[in-house]
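Note that the protein sequences, when read in sequence, are chains A and B. Residue 117 is where the first sequence starts when you use the working numbering, and the numbers rise one by one after that. Residue 2 is where the second sequence starts when you use the working numbering, and the numbers rise one by one after that.
Think of the hints as simulated: they come from the structure by calculation, not from any bench. Each hint should be verified, as a subset may be incorrect.
[To be verified] Capping the alpha-carbon separation at 27 Å, the derived lysine-lysine pairs in DSS-like fashion look like this:
hint, chain 1, residue 1, chain 2, residue 2
1, B, LYS206, B, LYS162
2, A, LYS231, A, LYS273
3, A, LYS500, B, LYS206
4, A, LYS231, A, LYS258
5, B, LYS196, A, LYS500
6, B, LYS206, B, LYS196
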Amino acid sequence: MKLRITWLLVLACVLIAAAVLFWPQDHQTGEGPPSSGAPQTDPVARGRDLVTLGNCEGCHTVRGGQRFAGGRSIPTPFGTFFAPNITQNTRYGIGRWSADDFWSALHNGYAPGRKLLYPTFPYTNFTRISRTDADAMFAYLKTVPAVAAANREHQLKFPFNQRWLLAVWRGLFFTPGVYEPDTQHDAAWNRGAYLVQGVAHCSACHESRNALGAVKSKDNPSGGLVLSWYAPSLSNSAEAGVQTWSETDIVRLLRTGLVTDGAGGHQGFTFGPMAEVVYESLQHADEADLRAIAVYLKSFPDIAPPSRQIRPTVAPSDVPVVMSLGQQLYADNCARCHGERGEGRSIVAPSLAGSRVLSMDSSIDAIRIVLYGGYAPGTGSNPKPFGMPPFYPTLTSEQIASVLTYIRGSWGNEASAISPDEVEENMTGPLW
Amino acid sequence: MLDLWSRARTIRGMKRFLRILVAALVAQGSTAHAADTESTKLDTVAQRALPCLPCHGKEGRAGPDGYYPRIAGKPAEYLFNQLVNFRDGRRFFPMMNYLAERQQDAYLRELAEYFASQQLPFDSVSASEIPAATLARGLELVKEGDRSADVPACSACHGTKLLGALPSVPGLLGVSRSYLDAQLAAWKNGLRHAKPPDCMATIAKRMAPADIEAVTGWLVTQLVPDGAGPEPSVPTPQPMQCGSIP
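The following block holds chain A by itself, in its conformation from the complex (with noise of 0.2 Å):
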């Protein structure tokens, strides 16, 4: 017992040292690169453009509710988070604010007076945006209409509902820092590495977190587990990386959420949380901004994970049956569609020889897929998307990972066969 006490006594002093030596050291401007697009000299409609960016209004309203009002709900290993109101309302809103406010918000990750930001709101990213494109990302919040709707108390856990201790993550953690420019690359390379450090806050998805929630990109290239999905890799051409895709597929995959017949037979969907990021943001960006990304995320090295040795989830001897019962099954439920040797089928269905999504380690997007179906995104270029049934309510937790674990391993595919209990594993969360 004293024993316990005096470590919780050092670990206190290490995380208070640490706390001291590390806190970053505040901001009060900073400059990124210039926009690639024709310049937008009016800082509201820059500033609107920012914000769609970002898919701030993603988080930051709740389903069918007011724009910006907050309310919608953030499941992390953490507990729940609530998105904050960040209208006008001077009340539960930002309607006090000023630019100040904001960009220590955006930048130093704190509110007024000083209340330490949970890293859910992605100021890890929004730290490289420029003082001039915060400035103009307030301005166009300015015009957002108030709406007196309260927020709700994040329901977190011990100890990370102690918001003091943030003190300590941010010593760790955070170092804040407008996007430096890196001369050894054209403008357009920057412009797309500033807007998906920044703004776009890819990472704060695409990349894993270590245990209290730091993204670790350095020493592990591999996706994230966010909002109950799999986030691929974007290091990984083997995952979502598009190192070899044409920089006018990239902008394909970006605006319309799918790629059917991508030069080099690449294809690409999205779905979940991605395909909301799609509908809500990335179709309205400047064409010669999505450009610019394209050209930064084919630069990204492709590095493979670290070899996992997969844990085997099905007993190698049943895997035979498995395969048998999962081909009948697919006979019956996926190959009027997905064509009877999964080639696909024109627009209506990608193919599963090959798909990189079926492929990857993870098999938790594979499993969700056939759990919950989906409709590609209503997108402006795409507005009558096809979709796929769900086959929760008319398959078993046994027959989809059957059914799964042939499709994995079939034609050519060659990913690990998957239990009944990984499906039921994923029968929770927001499908978002």
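Assemble the complex: chain A is given as a structure, and chain B must be docked to it using the hints.
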């Protein structure tokens, strides 16, 4: 510019002609035409509606476990309103919310119109397991309502045949009892919403659980003649103001 366009069209036309010619030569005429229509066929609303069928049944009839409601032949405006309600969070059923979100009104309307245009026979349900007293109370509520509780008759809006009324009042027959019970309970408990004023929420809150059971018990025992459909307009005078009735 115009010249370029017309030339592009000519080249495209020639290419298309050559493709068809080659295909015709290879496949001796008829199959080339079949392949052409097959690929056009994919791009239809019927193809786009396929994901609805595992639950809502073949061409939109109630499917496998009997819970999911029949949507074939319901008024298009009603089906459209429901898709929008799911998309915008006024109705809550995670799979439907997920399927309808991120879709535009025009597309949802097209899907609604497709299912509204499907006319299929209703399945009949046996009345033998429902007590006679329940059926009698159900009949009374459906046809007369309950004045003391300020509950109007179902038929006052859903039509004397209870098959709905154009453009947006749904039929009450041909759906399972568990579905009907769940909807009235969801309105009563604030889990289902319609455009305000939400008259069905008001009505469900005024109904005792036993009365809800009586109404749904009676409704599922009714036989429907083939070819019957919604009435051309909502009966007047309407007993209440409803946001979903234009």
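Here's how the hints hold up against the structure:
Straight-line distance between C-alpha atoms of LYS206 of chain B and LYS162 of chain B comes to about 24 Å, which keeps the hinted pair within the 27 Å bound. A threshold of 27 Å between alpha carbons decides the hint, and for LYS231 of chain A with LYS273 of chain A the separation of about 19 Å falls inside it, so the pair holds. Between LYS500 of chain A and LYS206 of chain B the CA atoms are separated by roughly 38 Å; this puts the pair beyond 27 Å, and the hint is violated. This hinted pair checks out: LYS231 of chain A and LYS258 of chain A have alpha carbons roughly 21 Å apart, not beyond 27 Å.
As the CA atoms of LYS196 of chain B and LYS500 of chain A are separated by approximately 25 Å, the hinted pair is consistent with the 27 Å bound. Restraint check for LYS206 of chain B and LYS196 of chain B: satisfied, since their Cα atoms lie roughly 16 Å apart, inside the 27 Å limit.
Going through the hint list in order, the structure does not satisfy hint 3, though it satisfies all others.
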